[in-house]
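Given the coordinates of chain U, work out where chain P should sit on it, guided by the hints.
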Amino acid sequence: MAEDMVNALADLKEDEVLKMVQDRLNAGEEPLKILDDARRALEIVGERFAAGEYFIPDLLYSGEILKGITAIVKPELSKTTEAKKLGKIVFGTVAGDIHDIGKDIVAFMLDVNGFEVYDLGVDVPVPTFVEKIKETGATIVGLSGFLTLAFDSMKQTIQAIKDAGLRDKVKIMIGGGQIDEQVRGYVGADAYGKDAIEAVNLAKSWIGG
Amino acid sequence: MEKKWEEMSAAEKRASRFETWLAATGIEFQNAEAEANFKAAVTRFKDIVLMEKVPDRVPVLPFGIFMQTNLYGVTPYESMYDTDKMLSTQASFIKDYGPDYYTTPALVGYGKIFDILDYKQYKLPGHGISEKSAYQYVEGEYMLAEEYPLLINDPTDFWIRCLMPRVYGALDPLKMITPFTDNWEVVTVSAQMIPFGIPPVQNALKALLEAGNEAMAWIQKVIGFEMQARGMGCPGCFGGATKAPFDILGDTLRGTRAAMMDMYRRPDMVLKAVERLTPLAISQGVRGATMQGCPVVFIPLHKGADGFMSDAQFREFYWPTLKAVILGLAAEGCVPFLFCEGSYNTRLEYLKELPETSCMWVFDRTDMAVVKEKIGKKLCIGGNIPSGLLLTGTADDVRAYCKNLIDIAGKGGGYLMCTGTAMDEGKAENVHAMIDFTKEYGVYK
Chain U
1 MAEDMVNALA DLKEDEVLKM VQDRLNAGEE PLKILDDARR ALEIVGERFA AGEYFIPDLL
61 YSGEILKGIT AIVKPELSKT TEAKKLGKIV FGTVAGDIHD IGKDIVAFML DVNGFEVYDL
121 GVDVPVPTFV EKIKETGATI VGLSGFLTLA FDSMKQTIQA IKDAGLRDKV KIMIGGGQID
181 EQVRGYVGAD AYGKDAIEAV NLAKSWIGG
Chain P
210 MEKKWEEMSA AEKRASRFET WLAATGIEFQ NAEAEANFKA AVTRFKDIVL MEKVPDRVPV
270 LPFGIFMQTN LYGVTPYESM YDTDKMLSTQ ASFIKDYGPD YYTTPALVGY GKIFDILDYK
330 QYKLPGHGIS EKSAYQYVEG EYMLAEEYPL LINDPTDFWI RCLMPRVYGA LDPLKMITPF
390 TDNWEVVTVS AQMIPFGIPP VQNALKALLE AGNEAMAWIQ KVIGFEMQAR GMGCPGCFGG
450 ATKAPFDILG DTLRGTRAAM MDMYRRPDMV LKAVERLTPL AISQGVRGAT MQGCPVVFIP
510 LHKGADGFMS DAQFREFYWP TLKAVILGLA AEGCVPFLFC EGSYNTRLEY LKELPETSCM
570 WVFDRTDMAV VKEKIGKKLC IGGNIPSGLL LTGTADDVRA YCKNLIDIAG KGGGYLMCTG
630 TAMDEGKAEN VHAMIDFTKE YGVYK
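Protein sequences, first through last, are from chains U and P.
At position 206 of the first sequence (counting the first as 1) the number is 206 in the working numbering, and the numbers step up by one without a gap.
At position 190 of the second sequence (counting the first as 1) the number is 399 in the working numbering, and the numbers step up by one without a gap.
Hints were generated in silico from the structure; no laboratory data involved.
Do not rely on the hints blindly, as some may be mistaken.
Stated by the list, open to error - Listed next, the in silico SDA-like pairs over lysine to any residue satisfying Cα-Cα at most 20 Å (straight line):
hint: 1; chain 1: P; residue 1: K341; chain 2: U; residue 2: V126
hint: 2; chain 1: P; residue 1: K581; chain 2: P; residue 2: D515
hint: 3; chain 1: U; residue 1: K19; chain 2: P; residue 2: M470
hint: 4; chain 1: U; residue 1: K194; chain 2: P; residue 2: S552
hint: 5; chain 1: P; residue 1: K329; chain 2: U; residue 2: V122
hint: 6; chain 1: U; residue 1: K13; chain 2: P; residue 2: M470
Excised from the complex, chain U in its bound form (with noise of 0.2 Å):
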């Protein structure tokens, strides 16, 4: 049964998965399994990706099949027992953009696939960046941004963070609309990413996992 889920979500049938997860519960099954199996589906879902098989709204519904299985199963959630983390990243829309739908896949997929991510949200001020770097120890941040503006905008906040003698303990990745290799020189960033799996690979080579 436990497959059966994790294909039916990989294939993104949402109407089975649901049904799947309800199934299991009934059954007596453990709740913290059943997210671990949602978790792994969503790895599938990266691969497929990756792959050039699945595309965005292909991530982004597994996102919304995520959030409906999340949903049935919290209730039943004794205790929470946080999973081991593979590392901390801090992550946001840079200072003058609000956009948020590439930065949240972003951000999905890297939860998923093991990180604890500290998301900032959007039109995020430069300080909020060094504040959280410092008050989590994390060793990766990510910068996204659609706009013209964010070149600055990533080009401030990386100076900021070497400003606070935090450039050698953090790699940085950015990523968005506009962003290239030309603009990844401009802004002294490690790394540009152009999409969410480009993503969990630099974190994962990174952190060594």
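Coordinates of chain P only, in the frame set by chain U:
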């Protein structure tokens, strides 16, 4: 004896629209050189679209919304609120930079109108975002899932009584009026007027009147500029604008997330909605082109870009109605100007289905060598200068990039040098480099 419009073929209609554009009726040219420049620019545009002959050189369009004013230190906020200042810098841009075409400052909009209406669908400069930022779309479900039948049944009624009350705070009371189709003959008239007696509805109508007054004052200034620009020898490059039906649904109505979920959860509704929107999108583009006396219809493309949906979804939900819009516009003699933001590498095969010279495609991140090979011999192509290069590269980088584009995509004509995206900022020396280099190197021998 001149043929009536209805009796003309699409090619005859297009020829007539290009003649109107070229005739520049009512324009007072500054001097003979300005007049010659204007006519050369329109002719060049016609040559790249029709592909009957190679133009004198590659035409160049630096596509900007706030870029022109930003280059003179005028913020997007000032641009939206001080129309005189905005227009005077737009004129300076034409004089100082010498582009072949201007992008209309009507794209900037007038801040006061948005304020009166309490517009919520965008964040505007100085309102929750920096005065230096261009306006930014606020993702949301401006149409609810259960409203599909209403949209499909009667789009205008949906717009007036559902969408506009939601998108404009000042028009919220319009949800209290009844459908205008309730009004048939004498017995229904008195009853239908009742909501118009309610004070909140009257306030909404007052807001519309006030916004209308501001719009009239604004558009007179904008038209004044447009006449001035043409008089300087620089034609505007767009007559009308419209959108792909799926983008009207996915950007304007449902928002990105909900539209994407709808493709799984209610595909039939999505298909019916985009089909319903298709004739409306065609009509909007044709009306604009006719009113402006320019055949080119701007169509920004969003949700159909690579990655935003699968090939199967593109084939089912996006392409058929976009194709219908392109063919519908072309049948009326218009020139659809498809502005492909993001990349379109996986969609190029579809473009082969379009009749030769029926439209033009301006790309952002698509591989131009492949574009030229696949569609560039039948359809006009353009674009591809990255915003990152223009804003963070050097003038030499820009010249090298333009040289490569002219060598690859410009070969044999049918190419428009253009930025890959609508620019909100610019780096002076790079914008100069793009324009000057194209004028110099892009001459066909």
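Structure-based check of each hint:
no.: 1; hint: K341/P <-> V126/U; in the structure: holds, 16 Å
no.: 2; hint: K581/P <-> D515/P; in the structure: holds, 18 Å
no.: 3; hint: K19/U <-> M470/P; in the structure: holds, 19 Å
no.: 4; hint: K194/U <-> S552/P; in the structure: holds, 12 Å
no.: 5; hint: K329/P <-> V122/U; in the structure: holds, 17 Å
no.: 6; hint: K13/U <-> M470/P; in the structure: holds, 12 Å
In this structure, every one of the numbered hints holds.
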